[in-house]
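Engineer: Chain residues, written in single-letter form:
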Amino acid sequence: MSIELIIGILNIVLISTTPLVFAGIGELVTEKSGVLNLGLEGLMLVGAVTGFITLVITGNYFYSLFLSIISGVILSGIFAFLVLNLMTNQIATGLALTIFGIGLSAMLGKKFGGTPIDGLNPYYFIVISFLLVFFVAYFLSKTKTGLIVRAVGENHNSAYALGYNVIKTRYLTIIFGGVMSSLAGYYISICYAPMWQEGMTAGRGWIALALVVFATWKPWRLLVGAYIFGGVAIMQMNLQAIGVKLPGQFFNMMPYLATIIVLVFISSNKLRLKLSAPSSLNIPFEKNQ
Amino acid sequence: MVFLIRVQLREDYSNLIFYLSPLVAVALTLFFGSFIFLILELSPIESFKIFFISPISNSYGISELFVKATPLAIIALGLSYCFKNNIYNIGAEGQLTMGAIFGGGIGLLFNDSTSVFLLPFMILFGAIGGAFWATIPAILKTKFNTNEILTSLMLTYVALFILDYFVVGPWKDPAGYGLPKSMPFPDAGRLPVLIDGLRVHIGVYFALIICLITYIIYNKTLFGFKLKVTGLSSKASQYAGFKYKNLIFYTFMISGASAGLAGLFEVSGPIGLLYRDISPNYGFTAIIVAFLGRLNPFGIILSSLLIALTYLGAEDAQLFLKIPSAVGFVFQGLVLFFLLGTDFLNKYKVSIK
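So the protein sequences, as listed, match chains A and B.
Residue numbers 1 to 289, in the numbering used here, belong to the letters of the first sequence in order.
Residue numbers 290 to 642, in the numbering used here, belong to the letters of the second sequence in order.
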C-alpha cells in the first residue's frame with residue numbers, strides 16, 4: 001500500500017466518522033444525566049432536512065445551520081417535556097420521536113430531493129467535533145455543573161434532596177443532545193453528501209447509540225470508539241476492493257456485536273457497572289414520591 | 290394573579306380514562322394531522338378521505354388491511370407479555386427477521402417438496418428462529434444483568450445483516466438476474482389465502498387464536514397472575530416467591546416466537562421469497578400497537594387495524610396526493626406521543642389553584 005492510499009483512507013474515515021462523534025457526544029451527556037433518548041435517528045434526519053431546505057431557499061449557511069439547530073431544540077424539547085413533565089416511558093417516547101422524525105423529514109424534503117447545493121468544507125466540523133469531545137470531557141469531570149449533571153444521573157432523589165433542580169438539568173442535557181444530533185444531520189446533508197435523500201442518515205443514529213455504551217459513557221473513549229466503528233466500515237469497502245473474501249455484512253454488524261460484548265463485560269460485575277453506567281438511566285424522576 | 294398547577298397522584302384510579310385515552314390520542318392525532326395537510330396546501334377533509342376511508346372502500350383494500358394488521362397484531366400480542374412484566378424487548382424487528390430466516394430457510398432447503406408437512410415445519414421453525422433470537426437478550430439479562438433494551442435493539446441490526454448476507458450470498462436465486470433475493474418458495478410452502486385473488490391469508494386466524502389464548506392466560510392462569518403481580522410490583526412478586534428470572538425467559542421466548550411467526554407469515558404469505566426489506570418496520574410499529582391497545586389482547590387487535598390503516602393510507606397518499614408514504618410514520622409517531630401524554634392524566638390529577 002502506498003502512502004497516498006493510506007492517507008486517502010484516513011481522510012475518508014475522518015470525514016465519514018464525524019456525524020457519529022456529534023450524535024454520540026450529545027447522547028453521552030443526555031445519558032449521563034439519566035435519560036435514554038432513542039430518538040437520535042429522527043433528530044438527525046430532521047436536522048439534516050431543515051438545514052438543507054433553508055440553504056436551498058435562502059442560500060445562507062448561517063441561517064441553515066441556525067434553523068437546523070432550532071429543529072433539534074424544538075424536537076428534543078418536546079421529548080423532554082414528555083419524559084420529564086409527563087413522566088412518559090423513555091423508550092416508547094424515543095421510538096415515537098424516531099418514527100415521527102423519519103416521517104416528518106421525508107415529507108418536508110419531498111420537493112428538495114436531488115436539488116444540487118454547494119457543500120460546506122467538512123474540516124471545520126471535524127475540528128469542532130474534536131473540540132466538543134474535549135469540552136464535554138472537561139465539563140463532566142472538572143466543572144461543578146458537570147458534577148451536578150452526573151449526580152442527577154447517578155441518583156436523582158439524592159440530587160434533588162441536595163437542592164439541585166433535576167428537571168431543569170435534564171431539560172438542558174436533553175436539548176444539548178438534540179442539538180448535537182441535528183448538527184450530525186446537518187453535517188451529513190450539507191458537508192458529507194451534500195444533498196438530501198429520504199432516510200439518508202442510514203442508521204447512524206442507532207450506531208451512535210451503541211457507541212455511547214461501547215465507550216462506557218466516557219467522552220475520550222467515545223472518540224476512539226467512533227473512529228474504530230467508522231474505520232471498520234471503510235475498511236470493509238477497501239478489503240472488498242482488494243478481494244478479501246469475508247462477507248461485508250460481517251463488518252457491518254461488528255459495531256453492534258462489539259457493543260453487546262462491552263455491555264456484557266461491564267454489567268456482569270456490579271462494581272464495574274456502577275463505575276461506568278449512570279445508575280438512574282431510564283428511571284423516571286417523580287417528585288411526589 | 291398567579292396560577293399554580295398542582296399535580297397529584299390519582300387515588301381514584303379510573304378504568305374509563307385508561308381505555309378512553311387511546312381514543313383521545315387518535316382524535317388529537319387527526320387534529321394535528323389536519324394542520325400538516327394544511328401546511329402542505331392540501332384540503333384536510335379530502336386528504337383524510339384518501340388516507341383513512343378510500344383505502345378500505347373495496348374488498349381488495351379490506352384484504353390489504355388484514356394483511357398489514359396480521360403481523361402487527363401477532364407481534365404486539367407477544368410483546369404485551371414482556372411489557373406487562375416491565376421487560377422492554379424492543380428487538381421484535383430482529384426476531385421477526387430471524388423467524389423469516391429460519392422458517393424461510395426450511396422452505397428453500399426443501400424447495401422441490403410438495404408435502405403438506407412443509408408449511409407446518411416452516412411455521413414451527415419461524416417461531417423457533419424468533420424465540421432463539423429473543424433468548425439471547427434473556428440469557429444476557431439473567432446471567433450477566435445486561436440491559437435488555439440495548440441488547441435486543443443491537444441484535445435487531447445483527448439479524449438484518451445476517452438476512453442480507455443470505456440473500457446476496459448463499460441463498461441468492463441463480464436465475465434472479467443477480468438481484469439480492471432468494472428463489473421463490475415451493476407452492477407447498479406458501480401460506481393459503483382465504484379468498485382467491487386477494488392476499489389476505491390464514492395468518493388472520495393465527496392472530497385471533499393467539500389473541501384468545503392470551504386473553505385466557507392473562508385472566509385465568511397462574512402465569513398470567515404472576516405477570517400481573519410482577520408488573521405492578523416486583524417486590525411483591527419476590528415476596529410471593531415468583532421466580533423473576535424464569536418470567537423473563539418465558540416472556541422473551543413468547544414475544545420472540547410471536548415475532549418469528551409474523552416474519553414467517555410475511556415471507557411465506559404475501560412476499561413468497563426472502564429478500565432484504567421483508568418488513569416495513571413492523572417490529573417497531575408493533576410496539577406502538579401494543580401500547581395503543583393498552584396491552585389488552587382485544588385492544589391490540591383493534592389498534593393493529595388502526596395502525597395498519599396508516600400504512601395503507603400512506604400508500605394511497607403517495608399515489609393520489611403525491612406526498613411520500615413516510616407520512617404514515619408521522620401519524621404513527623404522533624399517535625404514540627399523544628397516547629403517552631394522555632396517560633399522564635390517567636396517573637395524575639391536575640388542578641389549577
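Keep in mind that the hints were calculated from the coordinates and are not lab data.
A quick note: this is a predicted structure, and the numbers were derived from the prediction, not measured.
Be aware that a few hints might be false.
Cross-link-like lysine-lysine pairs, in silico, DSSO-like; alpha carbons within 27 Å at most [what the hints assert, rightly or not]:
| # | chain 1 | residue 1 | chain 2 | residue 2 |
| --- | --- | --- | --- | --- |
| 1 | B | K524 | A | K287 |
| 2 | A | K245 | A | K142 |
| 3 | A | K110 | B | K611 |
| 4 | A | K142 | A | K270 |
| 5 | A | K168 | B | K638 |
| 6 | A | K270 | B | K534 |
| 7 | B | K515 | A | K218 |
| 8 | B | K517 | A | K111 |
| 9 | B | K534 | A | K274 |
| 10 | B | K611 | A | K287 |
| 11 | A | K270 | B | K509 |
| 12 | A | K274 | B | K524 |
| 13 | B | K432 | A | K270 |
| 14 | A | K287 | B | K636 |
| 15 | B | K373 | B | K509 |
| 16 | B | K636 | A | K168 |
| 17 | A | K274 | A | K287 |
| 18 | A | K287 | B | K517 |
The calculated label-pair distances, taken between Cβ atoms and stated as ranges, are [stated by the list, open to error]:
| # | chain 1 | residue 1 | chain 2 | residue 2 | range |
| --- | --- | --- | --- | --- | --- |
| 19 | A | S158 | B | Q527 | 21 to 29 Å |
| 20 | B | G350 | A | N238 | 28 to 36 Å |
| 21 | B | I342 | A | K245 | 49 to 57 Å |
| 22 | A | L275 | B | L487 | 42 to 50 Å |
Just so it is clear, CB atoms sit at the ideal spot from N, CA and C, and this is done for glycine as well.
Engineer: State for each hint whether it applies.
Structural biologist: Hints and how they fare:
1. Restraint check for K524 (chain B) and K287 (chain A): satisfied, since their Cα atoms lie roughly 21 Å apart, inside the 27 Å limit.
2. Proposed proximity of K245 (chain A) and K142 (chain A) is contradicted: the alpha carbons are some 48 Å apart, above 27 Å.
3. In summary, the hint linking K110 (chain A) to K611 (chain B) is supported, as the alpha carbons are separated by about 9 Å, within the 27 Å threshold.
4. In summary, the hint linking K142 (chain A) to K270 (chain A) is supported, as the alpha carbons are separated by about 26 Å, within the 27 Å threshold.
5. Straight-line distance between C-alpha atoms of K168 (chain A) and K638 (chain B) comes to about 22 Å, which keeps the hinted pair within the 27 Å bound.
6. Restraint check for K270 (chain A) and K534 (chain B): satisfied, since their Cα atoms lie roughly 18 Å apart, inside the 27 Å limit.
7. A threshold of 27 Å between alpha carbons decides the hint, and for K515 (chain B) with K218 (chain A) the separation of about 39 Å lies outside it, so the pair is violated.
8. Taking the CA atoms of K517 (chain B) and K111 (chain A), the gap is about 49 Å. The hint is violated against a cut of 27 Å.
9. Restraint check for K534 (chain B) and K274 (chain A): satisfied, since their Cα atoms lie roughly 22 Å apart, inside the 27 Å limit.
10. The suggested pairing of K611 (chain B) with K287 (chain A) is violated, with an alpha-carbon distance near 47 Å, which exceeds 27 Å.
11. For the hint pairing K270 (chain A) with K509 (chain B), the CA-to-CA distance comes to about 38 Å; that exceeds 27 Å, so the pair is violated.
12. Taking the CA atoms of K274 (chain A) and K524 (chain B), the gap is about 22 Å. The hint holds against a cut of 27 Å.
13. For the hint linking K432 (chain B) to K270 (chain A), the alpha-carbon distance of about 12 Å falls within 27 Å, and the restraint holds.
14. Of the supplied pair hints, the one linking K287 (chain A) and K636 (chain B) holds, its CA atoms being roughly 14 Å apart against a limit of 27 Å.
15. Pair hint K373 (chain B) plus K509 (chain B) holds up; C-alpha atoms about 16 Å apart against a cutoff of 27 Å.
16. Between K636 (chain B) and K168 (chain A) the alpha-carbon distance is near 22 Å, which keeps this suggested pair within the 27 Å criterion.
17. This hinted pair checks out: K274 (chain A) and K287 (chain A) have alpha carbons roughly 24 Å apart, not beyond 27 Å.
18. Restraint check: the Cα-Cα separation between K287 (chain A) and K517 (chain B) comes to about 26 Å, which is no more than 27 Å; the hinted pair holds.
19. For the pair S158 (chain A) and Q527 (chain B), the supplied restraint of 21 to 29 Å holds, since their beta-carbon distance comes to about 24 Å.
20. The supplied range of 28 to 36 Å is broken by G350 (chain B) and N238 (chain A), whose beta-carbon atoms lie about 49 Å from each other.
21. Checking the proposed 49 to 57 Å range against I342 (chain B) and K245 (chain A) shows it holds: the Cβ atoms sit about 54 Å from each other.
22. Between L275 (chain A) and L487 (chain B) the Cβ separation comes to about 58 Å, which falls outside the hinted range of 42 to 50 Å.
In this structure, the hints that do not hold are numbers 2, 7, 8, 10, 11, 20 and 22, in rising order.
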